[in-house]
Structures are given as C-alpha cells and as structure tokens.
Amino acid sequence: MILIVRALGRLCIDAISALGRLVLFALATLSHVFRPPFYLREFFTALVNVGYLSLPVVGLTALFTGAALALQIYSGGSRFNAPEVVPQIVAIGMVRELGPVLVGLMIAARVTSSIAAEMATMKVTEQIDALVTLSTAPMKYLVMPRVLAGLMAGPILVAVADSIGIFGGFIVATQTLGFNPATYILNTMNFLTSADILSSMAKGMAFGFIATLMGCYYGLNSGRGAQGVGAATKTSVQAAAVLILAANFLLTAVFFTA
Amino acid sequence: MITFESIYKSFGSNHVLRGVNLTVERGESLVIIGGSGTGKSVLIKTVLGLVEPDSGRILVDGQDVTQVKRDAFLSRFGMLFQGGALFDSMPVWQNVAFRLQRGALKRPLAEAREVAIEKLRRVGLAPDVADRFPAELSGGMQKRVSLARAIATEPKIIFFDEPTTGLDPIMSGVINELIREIVVEMGVTAMTITHDMTSVHTIADKVAMLHRGTIQWCGRQTDMAQSGDPYVEQFVNGRAEGPIETLR
Ligand SMILES: Nc1ncnc2c1ncn2[C@@H]1O[C@H](COP(=O)(O)OP(=O)(O)O)[C@@H](O)[C@H]1O
Ligand SMILES: [Mg+2]
Chain E
1 MILIVRALGR LCIDAISALG RLVLFALATL SHVFRPPFYL REFFTALVNV
51 GYLSLPVVGL TALFTGAALA LQIYSGGSRF NAPEVVPQIV AIGMVRELGP
101 VLVGLMIAAR VTSSIAAEMA TMKVTEQIDA LVTLSTAPMK YLVMPRVLAG
151 LMAGPILVAV ADSIGIFGGF IVATQTLGFN PATYILNTMN FLTSADILSS
201 MAKGMAFGFI ATLMGCYYGL NSGRGAQGVG AATKTSVQAA AVLILAANFL
251 LTAVFFTA
Chain R
259 MITFESIYKS FGSNHVLRGV NLTVERGESL VIIGGSGTGK SVLIKTVLGL
309 VEPDSGRILV DGQDVTQVKR DAFLSRFGML FQGGALFDSM PVWQNVAFRL
359 QRGALKRPLA EAREVAIEKL RRVGLAPDVA DRFPAELSGG MQKRVSLARA
409 IATEPKIIFF DEPTTGLDPI MSGVINELIR EIVVEMGVTA MTITHDMTSV
459 HTIADKVAML HRGTIQWCGR QTDMAQSGDP YVEQFVNGRA EGPIETLR
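In the order they appear, the protein sequences are chains E and R.
Just so you know, the first sequence maps onto residues 1 to 258 in my numbering.
Just so you know, the second sequence maps onto residues 259 to 506 in my numbering.
You may find that some hints are simply not true.
Covered, in the sense of this in silico footprint (three residues per stretch, anywhere, with C-beta under 8 Å from a C-beta of chain E), are these stretches of chain R [said to hold, decoys possible]: (1) 302 to 312; (2) 322 to 335; (3) 354 to 361.
Here are the computed distance ranges between Cβ atoms for each label pair [what the hints assert, rightly or not]: (4) E/Leu22 to R/Asp319: 34 to 40 Å; (5) E/Arg10 to R/Arg470: 29 to 35 Å; (6) E/Val5 to R/Asp312: 29 to 35 Å; (7) E/Phe64 to R/Glu376: 53 to 59 Å; (8) R/Asp319 to E/Arg10: 41 to 47 Å; (9) R/Arg276 to E/Arg10: 26 to 32 Å.
Don't read these hints as lab results, they were simulated from the structure.
Beta carbons are placed, not taken as given, at the ideal position from N, Cα and C, and that holds for glycine.
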C-alpha cells in the first residue's frame with residue numbers, strides 16, 4: 001500500500017517537475033523573440049519546413065475528413081429529418097474543431113518528429129556543444145527560428161485545412177447528396193462567424209507553438225547514442241499530440257462556453 | 259593560464275572527476291592521457307561551460323570561468339571535438355567560417371569564404387572541398403575540416419579531443435605534425451586528449467595522466483619514460499598487467 005502511494009507520489013512529482021521544466025523552456029524561448037541576434041536564414045528555412053512542406057499532407061487529410069463529415073452529417077441528420085444542415089455543420093465542425101486538430105496532429109507527426117530527431121542527433125554528435133563553443137546560443141540559433149515558424153505557419157495551415165475541409169464537404173454534398181452548389185456556399189458563408197474563424201487561427205497558432213517547442217525541447221534534452229535519439233523523437237511526438245489535444249479542449253472551453 | 263582547482267563531477271552514481279588539480283601555462287602544450295571513459299572529455303568541457311562541475315573552480319588568466327562574459331570568453335577558444343561535430347546542414351566552408359558569418363566577428367561573405375579556404379589549405383585540403391558537405395568527406399578529411407574550424411579565428415587557447423582516433427597511422431602523423439605546427443606558429447596554449455603515444459611524443463610539452471578521477475601523474479614529456487609511476491608505465495607501454503584494471 002505504502003509502496004503504491006510512494007510510487008504514485010513519485011510519478012506526480014516527476015510529472016510536475018517535467019511540466020515545470022517545459023514551462024521554463026517555453027518562457028526562455030519567448031524571451032528570445034525580441035532580443036538580437038536574429039537568424040533570418042534559419043527562420044525562413046524553418047518556415048518552409050513547417051509550413052510550406054506540410055501543405056500536401058494537411059490538404060489531403062482535410063479534404064477526406066471534410067468529405068466524410070458531410071456523409072456522416074447527412075445520414076445522421078436524416079434521422080432527425082434535418083439532412084439540410086450539412087453545410088452549416090461541416091463548416092463549424094471543420095473550422096472550430098477538425099481543421100485545427102488535424103493540423104496540430106499532422107505537424108506533430110511531421111514537424112515535431114523531424115525537429116526532435118535533428119536536434120537530438122546534433123546533441124549526440126556534439127554539434128550542439130560545437131555551436132556553443134562558436135559563441136552561438138542554440139536557443140537563438142536553433143529553437144527560436146523553429147518556434148517562430150510554428151507560430152506563423154500554424155494559423156496559415158489551419159486556414160488552408162478549414163477551406164479545403166469545407167471544400168471536401170461541398171464536393172460530396174453537391175455531387176452525391178444532391179445539394180445545390182450556390183445554396184451550399186451561401187449557407188456556409190452565412191453561418192460562420194468571424195469569432196469561429198479567429199478561434200480557429202488562435203488554435204493553429206497555439207498548436208504550431210506546441211509542436212515546434214516539443215520537438216526542440218526533447219531534441220535538446222536527448223539522451224546519449226542512437227537510442228537517445230529514438231527515445232527523444234518518440235517522446236516529443238507523444239507529448240506534442242497529447243498537449244495539442246489538451247490545449248484544444250481548453251481553448252474550446254474558453255472560446256465557446258462563455 | 260588555465261587552472262583547475264579540485265574539480266568534482268558525477269553523472270548519477272558515476273563519479274567521473276574526483277578532485278582534479280591541474281595547471282597549464284601560457285603557450286604550453288599539455289597532453290592528457292588516460293583510459294577511455296576516465297573523464298578526459300568531461301574535464302575539457304568544464305572549461306568551456308559545456309559541463310558544469312559539481313564543485314571546484316576553473317581559472318583562465320586568473321578569472322573564474324563562471325564569472326566571465328560568455329561571448330568574449332568563448333571567442334578566445336577553439337575546439338576540435340572528438341567526433342568532429344561538423345554541422346552537416348551546411349557546406350564545409352560555412353562550417354569553417356561559422357564564426358565569421360555571424361555575431362561579433364561577422365565579416366562580408368566573400369571575405370569569410372576566403373578565410374575558410376585559406377584555413378582549409380592550411381590543414382592540407384584543396385579549395386574544391388569547400389563546397390562539399392561534411393557527410394561526403396572521409397573521416398580524416400572531416401577531422402581536418404574540424405581542425406580548420408577550430409583555428410579559423412586564430413584563438414589563443416585550443417583544445418583537441420582525440421585528434422587522431424580512428425585515423426590511419428599516416429593520417430595520424432599528418433594531423434600530429436599539423437597540431438604541433440599550429441601550436442608553435444600561432445603561439446597558442448593547447449590541451450590535447452589522446453590515447454596515441456605518437457601524438458604524445460609529437461605534440462606534448464607536458465603530460466598529465468587522468469586515472470580514477472584525479473591526475474595520477476603530471477610532468478614533462480621528456481620525463482615520462484622515467485616517471486617511476488606504475489600507472490604511467492603501464493599506459494605508455496600498453497601492458498595488460500599492471501595497477502590499472504583492464505576490466506571496466
Ligand atoms: N552528459 C553525460 N551524461 C551522463 N554521463 C556522461 C555524460 N558525459 C560523460 N558521461 C560519462 O562520463 C564518463 C567520462 O566520459 P568522457 O569524458 O567522455 O570519457 P573520455 O575520457 O573517454 O573522454 C563516461 O563514463 C561517460 O559515460
Ligand atoms: Mg572523450
């Protein structure tokens with residue numbers, strides 16, 4: 001009994017101290033945002049990696065999700081004799097929840113893992129030490145550009161995912177479910193509020209931040225050897241995915257239960 | 259010039275450094291020998307702040323290294339890492355000229371590149387290596403690029419961590435000569451870690467042996483053969499029998 005309590009206690013302490021270290025790391029990162037030097041080239045490279053190169057996977061997942069959503073809402077709505085709500089529900093479903101969450105999970109898979117693996121490898125091969133010795137702070141040179149790129153690319157990717165998701169629903173609804181295209185678009189437009197769209201962007205920003213930050217944090221704190229790199233990559237993706245979904249819940253609670 | 263005062267460092271239950279006392283004079287070339295995993299790399303890294311000692315002090319020119327301004331301090335050092343530690347995301351010349359492309363020592367691009375090519379030539383690499391990526395080079399070439407990076411801004415203190423490990427004897431000889439030349443010609447203070455007795459003979463003014471977390475023996479290279487220390491004797495002659503346990 002005592003053993004169980006002790007183990008639980010240890011677990012809690014570990015979890016809290018891990019969270020504390022993460023928060024400190026996040027604050028340290030943010031504190032660098034306005035302090036020179038700025039590494040523009042690193043930033044643009046990161047922006048291409050985080051944003052531009054994520055477009056295909058984000059677009060495809062959003063397209064299929066929007067399409068499936070339309071089918072489900074149609075069949076679900078028919079039971080209540082309200083199949084005509086498809087455009088409205090697809091729109092808020094994508095914009096409020098699915099768009100941001102899909103983007104968050106996709107960049108956790110693509111971006112967090114690659115950042116963590118790259119940085120962990122740099123750590124293991126002493127490249128991080130070499131950076132420090134060459135008077136360059138890893139926080140500035142490696143972390144800042146990537147996190148900033150995440151903050152900027154997040155909302156843009158979400159905007160893309162929202163639009164393509166709605167478009168996926170539109171295609172299915174007009175091609176197979178017999179909706180009138182003009183009415184569909186009109187219903188979507190009229191139903192969405194600017195608060196929906198802003199909350200969507202805000203989520204994108206938060207998720208971009210979490211995804212890149214987790215990659216950097218676990219990469220820089222990687223253990224030694226190839227195993228260290230593997231563990232850092234795995235943990236970073238898990239942490240990013242869980243934190244993104246938790247943050248999504250919190251943000252939804254804040255935005256939509258007032 | 260560099261003074262270690264009872265440095266202790268543990269990683270968990272692994273007590274790596276247990277009271278290291280050592281002094282390196284200005285312009286001197288000190289070589290640290292000792293078995294693998296005895297903490298030689300860790301010792302060097304404490305000077306640069308890459309590893310924080312649990313206790314003890316390190317003075318460089320009489321100044322405590324924890325009290326200095328980091329940027330100015332680090333710009334006086336060059337370091338050749340054990341594995342080379344070249345940035346594989348950028349071509350060779352940008353590696354060598356890394357410091358010249360950003361921060362306080364920033365120079366125009368063309369000039370930085372020129373310096374890089376000159377340093378590459380200095381370590382015996384042709385200019386066409388400049389635009390290749392580190393992963394495309396052989397181990398010996400990588401070590402030399404790393405060496406070029408370490409000397410690119412003409413630092414006053416240079417650390418070489420196992421400069422010849424993993425190289426063939428001829429390339430080892432080349433690197434040893436190169437280090438000796440650089441030390442003499444640039445008048446730097448150097449600390450070199452090695453297992454290679456040829457390196458010791460070529461590079462060292464003074465030799466220190468690290469064993470069980472302390473400096474087991476320290477003296478002039480010329481006195482090493484008659485050190486009378488059984489540990490040094492065993493290491494230098496590479497004998498399996500002796501006071502150093504071979505099962506670790
Ligand atoms: N960052 C670290 N975390 C944990 N253990 C470490 C770390 N760095 C070094 N060690 C341990 O310290 C010991 C000395 O390492 P090192 O200085 O690299 O040895 P060497 O004398 O071969 O250069 C080794 O047992 C190594 O496992
Ligand atoms: Mg070592």
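Results of checking the hints against the structure:
no.	hint	result
1	302 to 312	holds (count 4)
2	322 to 335	holds (count 5)
3	354 to 361	holds (count 4)
4	E/Leu22 to R/Asp319: 34 to 40 Å	holds, 39 Å
5	E/Arg10 to R/Arg470: 29 to 35 Å	holds, 33 Å
6	E/Val5 to R/Asp312: 29 to 35 Å	holds, 32 Å
7	E/Phe64 to R/Glu376: 53 to 59 Å	holds, 57 Å
8	R/Asp319 to E/Arg10: 41 to 47 Å	holds, 46 Å
9	R/Arg276 to E/Arg10: 26 to 32 Å	holds, 29 Å
In this structure, every one of the numbered hints holds.
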